[in-house]
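Visitor: Given the coordinates of chain A, assemble chain B onto it according to the supplied hints.
Letter by letter, the chains look like this.
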Amino acid sequence: MKEQFTLSIYTENLIGILHRVTTIFTRRHINIESITASESEVKDIHRYTIVVSSEEDKIKKIVKQIEKQVDVFKAFYHKNDGIVYQEMALYKMPTKQLSQTKEVENIVRKHHARLLAVEPDFTIIEKTGFKEETQELFEQLKPHGILEFVRSGRISISKPMKEFQDYFTEVEQASRL
Amino acid sequence: METVATKSQKTKTTMSGAAALVNCLIREGVETLFGYPGGAIMPVYDALFDQKEKIRHIMTRHEQGATHAAQGFARISGKVGVCLATSGPGATNLITGLADAQLDSTPMVCITGQVPGKMIGSDAFQETDIVSISMAVTKWNIQVTKAEDIPAAVAKAFYIAKSGKPGPVLVDITKDAQFEKAEFEDYQTCDQIRSYVPNPKLSEKALDQAAELINSAKKPLILFGHGVLLSNAKKEFQDFVEKTGIPAAWTIMGLSALPTSHPLNVGMLGMHGNYAPNILTNECDVLIAVGMRFDDRVTGDVSRYAKQAKVIHLEIDPAEINKNVEANVPVLGNCKESLTALLEKANENQHGEWLARFNELNAQEDEKVIKDELNPQADEPMSMGEVIKHISNISRGNAIIVTDVGQHQMVAQRYYQYANWKSNVTSGGLGTMGFALPAAIGAKFAAPNRQVIAVIGDGGFQMTIQELGVIFETKVDVKILLLNNEYLGMVRQWQHMFFEKRYSSVDMVNPDFQMIAKGYGIESEKVTERDKLEDSIHRFLSHEGSFLLEVMVGKENNIFPMIPTGASVSEIRLE
Chain A
1 MKEQFTLSIY TENLIGILHR VTTIFTRRHI NIESITASES EVKDIHRYTI
51 VVSSEEDKIK KIVKQIEKQV DVFKAFYHKN DGIVYQEMAL YKMPTKQLSQ
101 TKEVENIVRK HHARLLAVEP DFTIIEKTGF KEETQELFEQ LKPHGILEFV
151 RSGRISISKP MKEFQDYFTE VEQASRL
Chain B
178 METVATKSQK TKTTMSGAAA LVNCLIREGV ETLFGYPGGA IMPVYDALFD
228 QKEKIRHIMT RHEQGATHAA QGFARISGKV GVCLATSGPG ATNLITGLAD
278 AQLDSTPMVC ITGQVPGKMI GSDAFQETDI VSISMAVTKW NIQVTKAEDI
328 PAAVAKAFYI AKSGKPGPVL VDITKDAQFE KAEFEDYQTC DQIRSYVPNP
378 KLSEKALDQA AELINSAKKP LILFGHGVLL SNAKKEFQDF VEKTGIPAAW
428 TIMGLSALPT SHPLNVGMLG MHGNYAPNIL TNECDVLIAV GMRFDDRVTG
478 DVSRYAKQAK VIHLEIDPAE INKNVEANVP VLGNCKESLT ALLEKANENQ
528 HGEWLARFNE LNAQEDEKVI KDELNPQADE PMSMGEVIKH ISNISRGNAI
578 IVTDVGQHQM VAQRYYQYAN WKSNVTSGGL GTMGFALPAA IGAKFAAPNR
628 QVIAVIGDGG FQMTIQELGV IFETKVDVKI LLLNNEYLGM VRQWQHMFFE
678 KRYSSVDMVN PDFQMIAKGY GIESEKVTER DKLEDSIHRF LSHEGSFLLE
728 VMVGKENNIF PMIPTGASVS EIRLE
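As they're listed, the protein sequences go chains A and B.
When we follow my numbering, the leftmost residue of the first sequence carries the number 1, and every step to the right adds one.
When we follow my numbering, the leftmost residue of the second sequence carries the number 178, and every step to the right adds one.
Worth flagging that the hints you see were computed from the coordinates, not collected in a lab.
Mixed in with the good hints, there may be bad ones.
[Said to hold, decoys possible] For the chain A half of the interface with chain B, some residues (derived, Cβ under 8 angstroms), not all of them:
1) E12
2) G16
3) H19
4) K61
5) K64
6) Q65
7) V72
8) F73
9) E139
10) A174
11) R176
[Stated by the list, open to error] Chain B is faced by these chain A residues, among others (derived, beta-carbon under 8 angstroms):
12) R20
13) T23
14) K68
15) V70
16) D71
17) V171
18) E172
19) S175
20) L177
[As the list claims (entries may be wrong)] BS3-like, lysine-lysine: derived pairs with alpha carbons at most 25 angstroms apart:
21) K61/A - K500/B
22) K61/A - K709/B
23) K484/B - K58/A
24) K333/B - K68/A
25) K79/A - K500/B
26) K333/B - K43/A
27) K378/B - K60/A
28) K68/A - K500/B
29) K339/B - K74/A
30) K382/B - K74/A
31) K339/B - K58/A
32) K61/A - K382/B
Each residue gets a CB set at the ideal place from its N, CA and C atoms; glycine is no exception.
Looking at chain A on its own, in the form it has when it is part of the complex (with noise of 0.2 angstroms):
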């Protein structure tokens, strides 16, 4: 059965690695949903994370794949459940607009997103979320004229407590074997 899944992968900061990882996927006609990269909590060290809906024994594998990478430290898997995510979208709007109507004020409270600039041709909101939640302010800001549109990948926390230090040094002390 297809299920979305959410995995983190710690890298070393190497040019080329983000390459042997996406290939990973494409080589099993598997389509990144989203990918996210940045330094991790671990100085020098990077965590991707990537959105992929799969079957579980097909990413169990493919987790395998990736960690066998050699300057791949570490990758886990997790279904929705498993982690805390969240995506930000920023929306581009006629100032005029807002300025005209109370409409796009009012959605913009409901939704609890909010102004990050404000030009005299434009205005930036954003709204941090689920994907539902960026998508449905999207539709409500649709009818009054959006005038460019874009959503980040997603990031995430997973549940457990384990830390990726405590996997780190495990890994360390494995190579030096």
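Guide: Same frame as chain A, now just chain B:
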């Protein structure tokens, strides 16, 4: 080169990146490498010119040949095979060999030249993004753009290539980094990478569980693969087999890890393997997989593979566990260490009745297949099997057999009586036609005192035939057995069996191979009559120097037994 002692007492030497690279190779113990020069790798070739005494460069006639030669060298020597190539087409010509080495876990380091750093991305002459291109077929790769980074990259490359599950690595070095002068400290080999765990720690619990299963098994079967050879577990494996008395069957990558004549060697697994081990895979109660990866050519339909058995999987790569076949007891670790530990825990045993089942089935295969293959009727054309039988007898099973891919490969591996450890070199996972000739050259450079016989079909021979030039130039003593059926035999067999005999593009319009050999200064004979065969083989094997023996064999002989694609191992057909 200029050497100065700095305040910290560390000796630093100023030299070019190219000279540093050659020094690194020497320090890694490289004495022979294979390659082909070109624009972007010229500084390295210039540096090699200064080190001719220490490092021998074998110029193949195509970069693909260099990769296969390096593979043959690595497989026989146990060392890392090394290749050099220029940028662009030189680099892309390495891809087949890299893919082959990746699938067959062969330690190899390929060094490619790249256009100067400032020209990268400009679609410069002979620029290709070889790091991206080779990513899918390398264990690791890197681009180096500064001379000072060369030693660390090379050290890491060698460490990764040979540690854990070995594999191919590519180091791409820009031309300006090769030219650039820098100060180099004494070379340090790499022995650890913090994100990389090549040798998983043995689990005592897993070993105990495995030993318990092995000791209580009534009908156990060992499957052995390349891991036995790669981990140098010659004694450990044979001792384990003998102590436990368990019949052992091989994958083509594991072939020659146990002598063919060993009473517990029950033959070849998989599509064209022996009848007994395939049938009995689906009857055994405990399956002990040692350093093998359950390739589809071994398992047939995996959903009907050894479902009745408890599976113990000795494997170094965690990604192989449960990949194709679920393991009840995975034993992660280097085979040699796992076998050493298991040897202690396993009881001495014999499985006479169970072995008798193998003999029963062997007799059926002998009757239906082997007898005819090895001793055809006088009015039948020569068979590949009878040629291999004579080669085996006359060389007393002592040669290194290097095979190409196809019918002759299956026949050579089925019928050659391998007497010695590490005597089979073949392209297993990738099935690369054209592999044998250059791989045999590499094998001979690795083991100059052993007889090396390349067994090749008329199709594969023409894929890398240009490497006869290396034999011509270096006089390397490789014996070439050309089994000529004037067809792409394996494809033809499939068209015969599964495509209603519609022979599409398998008929080979061949040149005069003896004339080609002559052009390269290689002596040859062509055998068309059975009564000349044995004498010719004697001359072939006793000839000093390389020799081409072309044998015209039956055009439409099929290889049996066979597990058709999609069938189960126990549905193996004898006819």
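Visitor: Now, for every hint given, state plainly whether the structure supports it.
Guide: Cross-check of the supplied hints:
no. : hint           : in the structure
1   : E12            : holds, 6 angstroms
2   : G16            : holds, 6 angstroms
3   : H19            : holds, 6 angstroms
4   : K61            : holds, 6 angstroms
5   : K64            : holds, 4 angstroms
6   : Q65            : holds, 5 angstroms
7   : V72            : holds, 6 angstroms
8   : F73            : holds, 5 angstroms
9   : E139           : violated, 39 angstroms
10  : A174           : holds, 4 angstroms
11  : R176           : holds, 5 angstroms
12  : R20            : holds, 6 angstroms
13  : T23            : holds, 6 angstroms
14  : K68            : holds, 5 angstroms
15  : V70            : holds, 5 angstroms
16  : D71            : holds, 5 angstroms
17  : V171           : holds, 6 angstroms
18  : E172           : holds, 5 angstroms
19  : S175           : holds, 5 angstroms
20  : L177           : holds, 5 angstroms
21  : K61/A - K500/B : holds, 7 angstroms
22  : K61/A - K709/B : violated, 55 angstroms
23  : K484/B - K58/A : holds, 20 angstroms
24  : K333/B - K68/A : holds, 16 angstroms
25  : K79/A - K500/B : holds, 21 angstroms
26  : K333/B - K43/A : holds, 22 angstroms
27  : K378/B - K60/A : holds, 21 angstroms
28  : K68/A - K500/B : holds, 13 angstroms
29  : K339/B - K74/A : holds, 22 angstroms
30  : K382/B - K74/A : holds, 24 angstroms
31  : K339/B - K58/A : violated, 29 angstroms
32  : K61/A - K382/B : holds, 23 angstroms
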